[in-house]
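**Q** Chains as they are written, first to last, in our numbering: chain A, 1 to 518; chain B, 519 to 771.
Honestly, the hints are just simulated from the structure, not real lab data. Accuracy of the hints is not assured; some may be wrong.
Claimed, not checked - Below, in silico cross-link-like pairs of lysine to aspartate or glutamate (DMTMM-like), each with a Cα-Cα straight-line distance of 25 Å or less:
| id | chain 1 | residue 1 | chain 2 | residue 2 |
| --- | --- | --- | --- | --- |
| 1 | B | Lys547 | B | Asp582 |
| 2 | A | Lys501 | B | Asp738 |
| 3 | B | Lys547 | B | Asp738 |
| 4 | B | Lys547 | B | Asp628 |
| 5 | B | Lys547 | B | Glu580 |
| 6 | A | Lys501 | B | Asp575 |
| 7 | A | Lys501 | A | Asp367 |
| 8 | B | Lys547 | B | Glu717 |
| 9 | A | Lys501 | B | Asp521 |
What the hints assert, rightly or not - Ranges of calculated distance between the beta carbons of each label pair, as one might list FRET restraints:
| id | chain 1 | residue 1 | chain 2 | residue 2 | range |
| --- | --- | --- | --- | --- | --- |
| 10 | A | Ala33 | B | Gly735 | 53 to 63 Å |
| 11 | B | Ala595 | A | Ser477 | 44 to 54 Å |
| 12 | B | Leu767 | A | Arg270 | 19 to 29 Å |
| 13 | B | Asp752 | A | Gly279 | 53 to 63 Å |
| 14 | A | Leu36 | B | Pro626 | 58 to 68 Å |
| 15 | B | Glu682 | A | Ala206 | 52 to 62 Å |
| 16 | B | Pro736 | A | Glu509 | 29 to 39 Å |
| 17 | A | Ala33 | B | Asp752 | 50 to 60 Å |
Said to hold, decoys possible - Covered stretches of chain A (chain B as the covering partner; in silico rule of three or more C-beta atoms under 8 Å from a C-beta of chain B):
| id | segment |
| --- | --- |
| 18 | 287 to 299 |
| 19 | 353 to 363 |
| 20 | 507 to 513 |
Note that this is a predicted model, so its numbers are computed, not measured. We treat Cβ as the ideally placed atom computed from N, Cα and C, and that holds for glycine.
Below, each chain spelled out in residue letters.
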Amino acid sequence: MTWLFVRLKLSLLRGGLRGDAGRQVGFAFSVAAAFLAAVAGFGLLSLIRLAPYGVAVDLVSAAFAMFAAGWIVVPLMAFGLDETLDPARLALFPLTTRQLATGMLAASAAGPWPLASLAALCGGVVALAHGVGGVLLGVPAVILQFAFCLTASRLVTTALSGALRSRRGRDLLAVAAIFGVLLVQVPNLLLNRGLSGDPTRILAAAGEVLRWTPPGLAAHAIADGGLIGVAELIVVAMSVVVVAWLWIAALRYALVRPDSSNRGGASVRRSPTGRFLPGGLLGAVVAKELKYARREPRARVNWISAVFVSAVFMFSLRGPAGAAGTWAAVGPVCLAAVVIGLQAANSFGIDGRSLWMNAVAFSTPRDLRTDLAGRHLAMAVVAVPLLALASLAAALAAGNAAWALVAAPTAWGVLGVAVGIGSITSVTVPYTYPERLNAFAGAAPGQGGQAFAASFVTMLVTGVLVLPIVLPVLLGSGWWAVLAVPYGLAAAWAGRRVAAKIGSARFPELLAAVSRPT
Amino acid sequence: MADAVRTHGLFKRFGPQVAVGGVDLVVPKGSFAGLVGPNGAGKTTTLSMVTGLLRPDGGRIEIDGRDVWADPVAVKANIGVLPEGLRLFERLSGRELLMYGGQLRGIPLDEVVRRADELLRVMDLVEAQDKLVVDYSTGMRKKIGLAAALLHNPRVLFLDEPFEGVDPVSANTLTEVLRRYTASGSTVVFSSHVMDLVERLCDWVSVMNGGLVVAQGPIDEVRRGRSLNEAFLDLVGVRGNGEDGLSWLGAPA
Numbered sequence: 001m002t003w004l005f006v007r008l009k010l011s012l013l014r015g016g017l018r019g020d021a022g023r024q025v026g027f028a029f030s031v032a033a034a035f036l037a038a039v040a041g042f043g044l045l046s047l048i049r050l051a052p053y054g055v056a057v058d059l060v061s062a063a064f065a066m067f068a069a070g071w072i073v074v075p076l077m078a079f080g081l082d083e084t085l086d087p088a089r090l091a092l093f094p095l096t097t098r099q100l101a102t103g104m105l106a107a108s109a110a111g112p113w114p115l116a117s118l119a120a121l122c123g124g125v126v127a128l129a130h131g132v133g134g135v136l137l138g139v140p141a142v143i144l145q146f147a148f149c150l151t152a153s154r155l156v157t158t159a160l161s162g163a164l165r166s167r168r169g170r171d172l173l174a175v176a177a178i179f180g181v182l183l184v185q186v187p188n189l190l191l192n193r194g195l196s197g198d199p200t201r202i203l204a205a206a207g208e209v210l211r212w213t214p215p216g217l218a219a220h221a222i223a224d225g226g227l228i229g230v231a232e233l234i235v236v237a238m239s240v241v242v243v244a245w246l247w248i249a250a251l252r253y254a255l256v257r258p259d260s261s262n263r264g265g266a267s268v269r270r271s272p273t274g275r276f277l278p279g280g281l282l283g284a285v286v287a288k289e290l291k292y293a294r295r296e297p298r299a300r301v302n303w304i305s306a307v308f309v310s311a312v313f314m315f316s317l318r319g320p321a322g323a324a325g326t327w328a329a330v331g332p333v334c335l336a337a338v339v340i341g342l343q344a345a346n347s348f349g350i351d352g353r354s355l356w357m358n359a360v361a362f363s364t365p366r367d368l369r370t371d372l373a374g375r376h377l378a379m380a381v382v383a384v385p386l387l388a389l390a391s392l393a394a395a396l397a398a399g400n401a402a403w404a405l406v407a408a409p410t411a412w413g414v415l416g417v418a419v420g421i422g423s424i425t426s427v428t429v430p431y432t433y434p435e436r437l438n439a440f441a442g443a444a445p446g447q448g449g450q451a452f453a454a455s456f457v458t459m460l461v462t463g464v465l466v467l468p469i470v471l472p473v474l475l476g477s478g479w480w481a482v483l484a485v486p487y488g489l490a491a492a493w494a495g496r497r498v499a500a501k502i503g504s505a506r507f508p509e510l511l512a513a514v515s516r517p518t
Numbered sequence: 519m520a521d522a523v524r525t526h527g528l529f530k531r532f533g534p535q536v537a538v539g540g541v542d543l544v545v546p547k548g549s550f551a552g553l554v555g556p557n558g559a560g561k562t563t564t565l566s567m568v569t570g571l572l573r574p575d576g577g578r579i580e581i582d583g584r585d586v587w588a589d590p591v592a593v594k595a596n597i598g599v600l601p602e603g604l605r606l607f608e609r610l611s612g613r614e615l616l617m618y619g620g621q622l623r624g625i626p627l628d629e630v631v632r633r634a635d636e637l638l639r640v641m642d643l644v645e646a647q648d649k650l651v652v653d654y655s656t657g658m659r660k661k662i663g664l665a666a667a668l669l670h671n672p673r674v675l676f677l678d679e680p681f682e683g684v685d686p687v688s689a690n691t692l693t694e695v696l697r698r699y700t701a702s703g704s705t706v707v708f709s710s711h712v713m714d715l716v717e718r719l720c721d722w723v724s725v726m727n728g729g730l731v732v733a734q735g736p737i738d739e740v741r742r743g744r745s746l747n748e749a750f751l752d753l754v755g756v757r758g759n760g761e762d763g764l765s766w767l768g769a770p771a
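Build the full structure now, drawing on both the sequences and the hints.
**A** In structure tokens, the structure reads:
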């Protein structure tokens, strides 16, 4: 029975690849990446052996704990990518809960990424094992740690699967997940700013805390290699059993509980902002885009991450106080403008399958041009004040508020260039945003290449095209910034014109590219 | 007088698979036409190509005598579409969806408001008009989709499975609206699996099977005295009559 589940998982993997070269390349890439990650993970963990003994134990404990955390968090964000994950699909088969549990566990261990993490975990043995006892205990320790990761991840996904199936739950988690990722960056920022204490002290404190968690115990057992290690492994094994038992209970509960997803839903306010918008197609598109920026979780995630990445630039590019010139204010704000503008590199992605409404109404390049203009205008409504604010902040941080007067127009110009280029990539390499919770995967399965190409080309071409306006400003000719806004507007206009010509001729193909099943 | 819809040798393949292999679809003006066929017969592919959403690999499509792919400006203003799969702008409310659709078509705002109010009332969606489409039930989605397709008063309406998963009350509303619409001389083409419904509503039927039109004409000619269901099963060739095999089914365990 267990073997059947593994085969089911493998045939799902194979079925997902059939007859689509793009997906096959994507899968090959994924396997290669998993292999590299396995080798790198194994290598890095093994290298810990060179560290002093105490530090090494703490480091491996931390690494094991991070694996467990990763196993819990990643499937949550990728919920729906793996058909074997959702127990509800198997509810009708006459399986005992135990069969279901072992089967799903085995199925989740099959695949390139689980195997890669198992391989990486083995590095812990190399890092910590001293003598025969260490190796002998190391193998079961790694396997138990792996089992712990799997069961813990299953427990959390199963317990939350009811919530994840409802629209509101997914919306909430998609936005909440990004804050999780952002939080991870906080220590990084603090380190950058030199506020933290001694890293070894932090590590020791972390080791202290992790010491009695299952990952910490597993790491310790390998290091110990003796009777205490055996005792520790028994504790780890028991915790795996407890987690598995909890998981089985959650599974049983999830299988008999009614699916409470998607009922109700509150009304939205009729927005008064419509009055200020121009009528007709342009106004309709602007109004829709602004609503989507607020209501669509993927759009919200895009905006939040753009703002956050900009903030990171702001902090990390700050030179030592006093030594900065205009560039210290202009540089980060321009980067922020590029990051915000990148959202326009796949303008039609968020519309996705609903884009047909535009397709049946548009018949000339002019319609498409107006549509793009509406999208750009909506983006400008949010981005222009945002960049002005960022300029002020950066200028104050750099030591002279007047520099904001240079930074803001330059950034606006850069934004114009970015959206202009973005409108061309939007029609030439469009791709589907996944509809599920997975807010961080860039594209539908098999379209990762397009997604990468779209943002990379946009970034590169924008980087080159903004040189005429940014370079003189960076070199000190602040007055040059007055040319930035007209330059940006012209670039956006030209980009829209070219994009409309290309896009109008291949609108059915564009529609197909953004409405791929995810 | 030109037919409302006429295709010549319409052809589309996806990879090695021929989805539509030379379809000659005819729908006379003012008719209430049903497009029926088993799953995979090519109904959705045909409707997508006819409405300009999918590029055909070969063949010609004329709506009211104008070529869809050569003269999209004239054609697109005159057709309304409800595609399969209920793909709508999920994060707009029903009302906002209609406003967006209307303005997309260049209808003046106050006219859009007037028509949207009426459509919402007729479709019995007044209470739900400010809820997001993502929270709508299947029947509500079909109704708001039909409202969006009717808003610009098209001459020909294409509906892909408009009654699939719709409760009887909503289905009744949909059929009433469509009846009134065709009574005024406009044309409806809809695909369906439900033979009873097609028999009750349509005066013209096209039967597709395996990517081809195997029969079409006024419904009484296609039926020839049989029920439409019998006629349909004869036309597509019933695959096995359920008598062979399965001897164990229903036998005491």
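**Q** Hints first: check each against the structure and report whether it holds.
**A** Right, here's what the structure says about each hint:
1. B/Lys547 to B/Asp582: Answer holds: B/Lys547 to B/Asp582 is near 8 Å, not above 25 Å.
2. A/Lys501 to B/Asp738: violated (48 Å)
3. B/Lys547 to B/Asp738: holds (18 Å)
4. B/Lys547 to B/Asp628: violated (31 Å)
5. B/Lys547 to B/Glu580: holds (12 Å)
6. A/Lys501 to B/Asp575: holds (22 Å)
7. A/Lys501 to A/Asp367: With a Cα-Cα distance of about 10 Å, the restraint between A/Lys501 and A/Asp367 holds, given a limit of 25 Å.
8. B/Lys547 to B/Glu717: Holds. B/Lys547 to B/Glu717 sits at ~19 Å (cutoff 25 Å).
9. A/Lys501 to B/Asp521: The hint is violated at about 32 Å.
10. A/Ala33 to B/Gly735: 53 to 63 Å: The hinted range 53 to 63 Å holds for A/Ala33 and B/Gly735, with Cβ atoms some 58 Å apart.
11. B/Ala595 to A/Ser477: 44 to 54 Å: holds (52 Å)
12. B/Leu767 to A/Arg270: 19 to 29 Å: violated (57 Å)
13. B/Asp752 to A/Gly279: 53 to 63 Å: For A/Gly279 against B/Asp752, whose Cβ atoms are near 55 Å apart, the range 53 to 63 Å holds.
14. A/Leu36 to B/Pro626: 58 to 68 Å: 59 Å Cβ-Cβ, so the 58 to 68 Å window holds.
15. B/Glu682 to A/Ala206: 52 to 62 Å: holds (56 Å)
16. B/Pro736 to A/Glu509: 29 to 39 Å: About 38 Å separates the Cβ atoms of B/Pro736 and A/Glu509, which means 29 to 39 Å holds.
17. A/Ala33 to B/Asp752: 50 to 60 Å: Given range 50 to 60 Å: holds, Cβ gap about 56 Å.
18. 287 to 299: Our answer is that it holds, as 6 residues pass the Cβ test (under 8 Å) against chain B, meeting three.
19. 353 to 363: It holds: at least three residues are needed, and the segment 353 to 363 of chain A offers 10 whose Cβ sits within less than 8 Å of chain B.
20. 507 to 513: holds (count 4)
In summary, the structure is inconsistent with hints 2, 4, 9 and 12 from the numbered list given earlier, while agreeing with the others.
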